[in-house]
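Asker: Here the protein sequences come in this chain order: A and B. Its first residue numbered 0, the first sequence is counted upward by one per residue in numbering that gives the first Met the number 0. Its first residue numbered 0, the second sequence is counted upward by one per residue in numbering that gives the first Met the number 0.
Keep in mind that the hints were calculated from the coordinates and are not lab data. Glycine included, every Cβ here is placed at the ideal spot set by N, Cα and C. Any given hint might turn out to be false.
[Unchecked claim] Chain A is faced by these chain B residues, among others (derived, beta-carbon under 10 angstroms):
(1) L40
(2) A46
(3) V168
(4) D172
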Amino acid sequence: MTETRGVWHLLLGNLTYNALPFYSAIAAFAAGLVVVGAISVFVLITWLGKWRYLWTEWFTSVDHKRIGVMYIIIAFIMMSRALIEAVLMRVQQAVAINSPGFLPPDHFGQLFSTHGTIMIFFMAMPFLTGLINYVMPLQIGARDVKFPLLNSISLWLTGGGAGLMMVSLVLGKFSTGGWSGYPPYTGIEFSPGVGPDYWIWAVSLSSIGTTLTGLNFATTIYKGRAPGMTLMRMPLFCWTSLCTSILMIFAMPPLTVATALLALDRYLGMHFFTNGMGGNMMNYANLFWLFGHPEVYILILPAFGVYSEVISAFSSKRLYGYTSLVCATMAIAILSFTVWLHHFFTMGQSANINAAFGIATMTIGVPTGVKVYDWLLTMFRGRVRFTPPMLFSLAFIVSFVIGGMTGIILATPPLDYMVHNTVFLVAHFHNMLIPGLLYGMIAGYQYWFPKAFGFRLNETWGRIAFGCWVVGFYLAFMPLYVLGAEGMPRRSQEVFDTAYRPWLLIAMIGAFILLAGLVSLFIQLRVSIRQRDSNRVFAGDPWDGRGLEWSVSAPPPEYNFAAIPTVTSRDTFAGQKERGQAYHPPKTYQDIEMPKNSAAGVVIGISGAACAFGLVWHIWWMSILGLILIWGTVIVRSFVRDIYKVIPAADVARTEARWLNHVANVRPVPRELETTLANKGLAESVA
Amino acid sequence: MSANEVIHAGLNLGATDPKTHEEAGSAIFGFWVFLMTDAVLFALLFANYGVLLSGTAGGPGPAAEFKLSSAFIETLLLLTSSFNFGMASLAMKHGSQPRLLQVWLLTTLLLGAGFLGMELHDFATMLSDGAAPSRSGFLSAFFALVSTHGLHVFAGCIWIIVMMVQIAVFGTDARVKINVLRLGLFWHFLDIIWVAIFSVVYLQGLIR
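Kindly generate the complete structure, drawing on both the sequences and the hints.
Answerer: Okay, structure coming up:
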């Protein structure tokens, strides 16, 4: 090795010219898109002169509402990439019947790995974390989460992980080991490249951020509720947020352990999961699914919460069977820790163990069934309005039940042996996650958007998006059940049975319709922003809502509540409206103390991403510097004493008076006109 | 709410500082939750160790490598340091001057550093015997578990130093007090983990 190479190696580690993605035209194009996209965003912000605004109002903000919005922006960006990847895979399989298609196997492997990793860790997780962040503190009558700075740190760690995923598109190849990254395949012996390292560190950043988020939300719900807001008076979305947070607290550490030990195998030649030398890869399978199964409920429970809120609001009825829904949510949360083994029935346990886990798995169907009946009975004899959030909720109920049925098939070990590792499984979990998670997230986004931004989203485009998401989903995934039953293995880059062709073509069309669904959501946003002046709902209650989040202006003031509300019943705001106690200002306003902005989250997130990037490419100085910056920031921050700002009572009074004046002057809207321009955010009382 | 009420598990400031006591409620609750995530992490490393215990791959096993005398002295050092931290907490709660608190924190720090020194010496001996973590699954699991605990103790030592500086700069203001309470929980938690390591790793390894 020559001296010059030594210097370069010290500076750039294993990163060389060869890392650029010229192995495939599509990969090169995608990389170009990322680079051009990043540069144009940078140029655009600079041209508009918005850097200072973004830095002071958003990046350094510790306001739970701002952080929630930023999480959801990350989710939409990442969803765009992962959905395009899905379309590419569907097209590849449809054309690669006895022909190599247009994606080489290595590239195809990267696509299904990044698709899964992004959809779970950088689409679903940020989306639900964003929704909870925005809504939960408002619902429990709090001014912020309990640890606002920690919230910002979690956001930026997730952002750092997402950034690393995007960098992996430009520099080097991603893992081909799937989203679950099973060793020994992802070990150094069989995957010597940087791919699994990208996967390990991107996922680790996200999982550490999520652990801290769970801690934060749980503490907020246990300790931050308004006076009188007992646990059994919380809106159901708060209950599902609480259960999700508890699951995050207990289920994210196993993932951290799994990825950390895999990293030790890869970097220091240890033998946790290697074939020989005393390693045991089953440990990885157990660790990963100890995380992976509760993760399914981390994803789905918040969506259940959204459905409960949406169905109740758009049926103008209180939620049917509140207590049973709470119990069912808790039961699901606890049972979710008892079923992880059903992800590897075929990996050599005794039949008795498989039977025990199979029965446990089917047990989860019971509380879930309770929920479905509760939702149906909430609609029964209600004033049901078919707005887009409600449509998504209805599509969810039907589709989710179908997915649950196929879940029972998979939970039966002998049947699981037949369809294991086929696209039947792919169909099943997409059937759970698209209706069970994504529809819920989109419904929540449409439902609370007017609260967050002060204007309603366009209904027509909402319906078009709904049509695409539902039709696309059925076309894309029902054929996979058939194909799976016919024995088509999952993750196949090329298939050899022409009988698969019609089904694969239908699935491909479905994938394009799903992409159209996402595009419709973007068009809806664009159209709604353009029409925002006629759709304003500043008064704050466009849907005749029932929870405290609707009792403040839209968008809410930074401090959420001018005076912390006192809660006397469930569905607090609905009760206040019935008793004519809504929109009453407090007798006096007081100074409000709020946390100051901080750059610590940004610094820690970027340093974390730099540390991870250094680890991927063995650029040791960068990793060490990143670590020092992270812990240095933590220590320096602990010396800062001036961390609060005060919003003077006079300012609060002015803000509130402006809103209350507006409320006094707008005409209340009856429910049948709530999707028209007449809706100014004040609900007509249902005397 | 009366300040005498116990509002979180562990040492409460109570009537000695009612305002900080109020504030400590959710701050300490959050830290207990954090410790729970850490406990899950250690539980899994223990389970991993249990599974890989027999995976020595013909290399050195527990009986050959573990030294009871040194593990025992390490235990004493850590348990004594925990006692010292308890005294520090009491000095913070009841003491009028921060000097005493500093002295107890310093002794805790020295004992913790002594523990780390001995542990590193043990590791060095094992490495020179050829019992490196890359030798076998068993040794990988051993080093992962025991050095994760060691890293925690190291982080705790840094934290003690930071707190000593803060006490010197700010005295015992509300944030210092809450952070000392947190650090106390952390330090005692590591003690409990070590007791488990001593029993599960060292005692079990030497009995076999």
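Asker: When the hints from earlier in the document are held up against this structure, which numbers fail?
Answerer: Going through the list in order, the structure violates no hint and respects every one.
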